[in-house]
Amino acid sequence: MSDVTTDQTTEQLHDVTVHVNGVPRSASVPARRLLSDFLRHDLALTGTHVGCEHGVCGACTVLVDGQPMRSCLMFAVTAQDHQVTTVEGLCDAPDARPCATGERMNPVQQAFAECHGLQCGFCTPGFLTTITAYLDEVPSPSEAEAREAISGNLCRCTGYQNIVKSVLRAAEIRTERQGDADPAARHTGSEDGQGTVA
Amino acid sequence: MKPAPFVHHAPRSVEEAVSVLAEVGHDGKILAGGQSLIPILNMRLASPAHLVDINRVTGLDGVDVGPDHVRVGALVRHAQLERHEGAYAALPLLRQALVNVAHPAIRNRGTTVGSIAHADAAGEMPAILVLTDGVVEAVGPQGSREIAALDFFQGPLETALAEDEMAAAVRFRRFAPGTATAFAESARRHGDYAMAGVAAAVTATDGVVTAASASFVSVTDVPTVLDLTDVLGGQQTDAADWSAAAEAVRAHIEPEADIHATADYRRMLAGELARRVLRQAAENAAMTKGSTSR
Chain A
1018 MSDVTTDQTT EQLHDVTVHV NGVPRSASVP ARRLLSDFLR HDLALTGTHV GCEHGVCGAC
1078 TVLVDGQPMR SCLMFAVTAQ DHQVTTVEGL CDAPDARPCA TGERMNPVQQ AFAECHGLQC
1138 GFCTPGFLTT ITAYLDEVPS PSEAEAREAI SGNLCRCTGY QNIVKSVLRA AEIRTERQGD
1198 ADPAARHTGS EDGQGTVA
Chain B
431 MKPAPFVHHA PRSVEEAVSV LAEVGHDGKI LAGGQSLIPI LNMRLASPAH LVDINRVTGL
491 DGVDVGPDHV RVGALVRHAQ LERHEGAYAA LPLLRQALVN VAHPAIRNRG TTVGSIAHAD
551 AAGEMPAILV LTDGVVEAVG PQGSREIAAL DFFQGPLETA LAEDEMAAAV RFRRFAPGTA
611 TAFAESARRH GDYAMAGVAA AVTATDGVVT AASASFVSVT DVPTVLDLTD VLGGQQTDAA
671 DWSAAAEAVR AHIEPEADIH ATADYRRMLA GELARRVLRQ AAENAAMTKG STSR
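Protein sequence lines correspond, in order, to chains A and B.
In the numbering used here, each number is its position in the first sequence, counted from 1, plus 1017.
In the numbering used here, each number is its position in the second sequence, counted from 1, plus 430.
Bear in mind the hints are in silico, worked out from the structure with no lab data behind them.
Any given hint could be a false lead.
Taking CB as the label site, the calculated pair distances span [to be verified]:
| # | chain 1 | residue 1 | chain 2 | residue 2 | range |
| --- | --- | --- | --- | --- | --- |
| 1 | A | 1174 | B | 516 | 40 to 50 Å |
| 2 | B | 694 | A | 1120 | 36 to 46 Å |
| 3 | A | 1189 | B | 513 | 21 to 31 Å |
| 4 | B | 694 | A | 1044 | 45 to 55 Å |
| 5 | B | 516 | A | 1153 | 17 to 27 Å |
Mimicking SDA-like on lysine to any residue, the simulated pairs with C-alpha atoms at most 25 Å apart in a straight line are [what the hints assert, rightly or not]:
| # | chain 1 | residue 1 | chain 2 | residue 2 |
| --- | --- | --- | --- | --- |
| 6 | B | 432 | A | 1058 |
| 7 | B | 459 | A | 1099 |
| 8 | A | 1182 | A | 1100 |
| 9 | B | 432 | A | 1068 |
| 10 | A | 1182 | A | 1111 |
| 11 | B | 432 | B | 476 |
| 12 | B | 432 | A | 1116 |
| 13 | B | 432 | A | 1063 |
| 14 | B | 432 | A | 1100 |
| 15 | B | 459 | B | 491 |
| 16 | B | 459 | A | 1046 |
| 17 | B | 459 | B | 673 |
| 18 | B | 459 | A | 1045 |
| 19 | B | 459 | B | 510 |
| 20 | B | 432 | A | 1045 |
| 21 | B | 432 | A | 1046 |
| 22 | B | 459 | A | 1027 |
| 23 | B | 459 | B | 651 |
| 24 | B | 432 | B | 548 |
| 25 | A | 1182 | A | 1117 |
| 26 | A | 1182 | A | 1157 |
| 27 | B | 432 | A | 1173 |
| 28 | A | 1182 | A | 1194 |
| 29 | B | 459 | A | 1182 |
| 30 | B | 432 | A | 1157 |
| 31 | B | 432 | A | 1032 |
| 32 | B | 432 | B | 475 |
| 33 | B | 432 | A | 1194 |
| 34 | B | 459 | B | 449 |
| 35 | B | 432 | A | 1030 |
| 36 | B | 432 | B | 445 |
| 37 | A | 1182 | A | 1159 |
| 38 | A | 1182 | A | 1098 |
| 39 | B | 459 | B | 652 |
Virtual Cβ for every residue (Gly too), placed ideally from N, Cα, C.
Generate the whole structure from the sequences, applying the supplied hints.
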């Protein structure tokens, strides 16, 4: 036991600041702290789920500078000063809209709700981040492309059929919302934002 | 499933990185994308005391397309090279192979040079480096040197890099005019490690094969090139003896069995994949010969 204590007290700590969902968040962590554990343990953002911890399952996928990456295969010290978007940040997207509960959902979240794209929900955060970034690149994928896009994420409940449907539905919602003004945006700075492209 | 403690070094230059390596000796490891290294650390298959994180080193993230080579810096992510139009035009084989490297999220982070330095025989890019007769640019405290691809890979996960050297870049050599390439692999699930993979390059003049070669994924200990010019040379691109080429491939490779596939199955698979990619490369070489005179 004393060895463990010694290890923990002698391991050098690094002050790490990562911009998470647009907010600079800091913690003092050892170099070996994985980004996934930094988000969950140090920042208490438990939306990012940890499955396999070797890059296979995709549950921990977050967006680093807008691109999907495995947070279990990255150290927090390496993420210093980078922009990270977790599943908690997806509802802040410009094309997120309030849903029945009053919370906001981006098109992918909305589509998963509509198409029953999840059962237990464990893998869902990784799917949501992956698909959100994918649709920015490929706005209207075919079914085959949708399957390919989610091939790096494992789900043990759904059999994937409804997740594929969700990808296609998310593409529709995303397009629908591009023309719409966000009703919530009227309360904040609407005069300047009027008439700008989505 | 957490890495053992290590000392994190964040050098700002290649010189600084190799001087740290020189100090810490065999206990040091370069961290670039980490998509092969961090799983190994998480599973504690390795526990180096020092990690030299090169992600803040400037000048390593460039793709340069030259008349003879495509040069790729140590911080170029697979996805960056995959999407690079100049690199694709100069050497289509890069993208043909890169789309098979794991999944997009891994390719967004993992580096091409890193996967070559990792020297896993199940990796796609080591096989591409040898087929293109490429070069690794190694830098150590005494300066830099170039290592030919076939000398670089010395065993599974073993390279010619010294303890105090890092791979700062690799150069893939462009093929001669009239050459076309193809790549195919077979995995249990899309994006998994391949059970077998084959890259092929075929050169043709007026519809006749003048040179052919292939390299392999997951079926040899180290990446090797099989020259098939003797087997296919002088034959029509649309009617060459692909079965003889497949037979030569089966005789050349040394697959091993694991829980995913027997050695015999991998041998059969590599032969069949070779037949397909050689034929595809030959067809494309015959079609593109008119436009390759630049």
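Do the hints match the structure? See the list:
no., hint, verdict
1, A:1174 x B:516: 40 to 50 Å, "44 Å, holds"
2, B:694 x A:1120: 36 to 46 Å, "56 Å, violated"
3, A:1189 x B:513: 21 to 31 Å, "26 Å, holds"
4, B:694 x A:1044: 45 to 55 Å, "53 Å, holds"
5, B:516 x A:1153: 17 to 27 Å, "23 Å, holds"
6, B:432 x A:1058, "14 Å, holds"
7, B:459 x A:1099, "23 Å, holds"
8, A:1182 x A:1100, "30 Å, violated"
9, B:432 x A:1068, "13 Å, holds"
10, A:1182 x A:1111, "23 Å, holds"
11, B:432 x B:476, "11 Å, holds"
12, B:432 x A:1116, "38 Å, violated"
13, B:432 x A:1063, "18 Å, holds"
14, B:432 x A:1100, "24 Å, holds"
15, B:459 x B:491, "19 Å, holds"
16, B:459 x A:1046, "21 Å, holds"
17, B:459 x B:673, "44 Å, violated"
18, B:459 x A:1045, "24 Å, holds"
19, B:459 x B:510, "24 Å, holds"
20, B:432 x A:1045, "18 Å, holds"
21, B:432 x A:1046, "14 Å, holds"
22, B:459 x A:1027, "21 Å, holds"
23, B:459 x B:651, "22 Å, holds"
24, B:432 x B:548, "20 Å, holds"
25, A:1182 x A:1117, "21 Å, holds"
26, A:1182 x A:1157, "12 Å, holds"
27, B:432 x A:1173, "24 Å, holds"
28, A:1182 x A:1194, "18 Å, holds"
29, B:459 x A:1182, "44 Å, violated"
30, B:432 x A:1157, "39 Å, violated"
31, B:432 x A:1032, "20 Å, holds"
32, B:432 x B:475, "11 Å, holds"
33, B:432 x A:1194, "42 Å, violated"
34, B:459 x B:449, "12 Å, holds"
35, B:432 x A:1030, "16 Å, holds"
36, B:432 x B:445, "30 Å, violated"
37, A:1182 x A:1159, "11 Å, holds"
38, A:1182 x A:1098, "36 Å, violated"
39, B:459 x B:652, "21 Å, holds"
When each numbered hint is compared with the structure, violations occur for hints 2, 8, 12, 17, 29, 30, 33, 36, 38.
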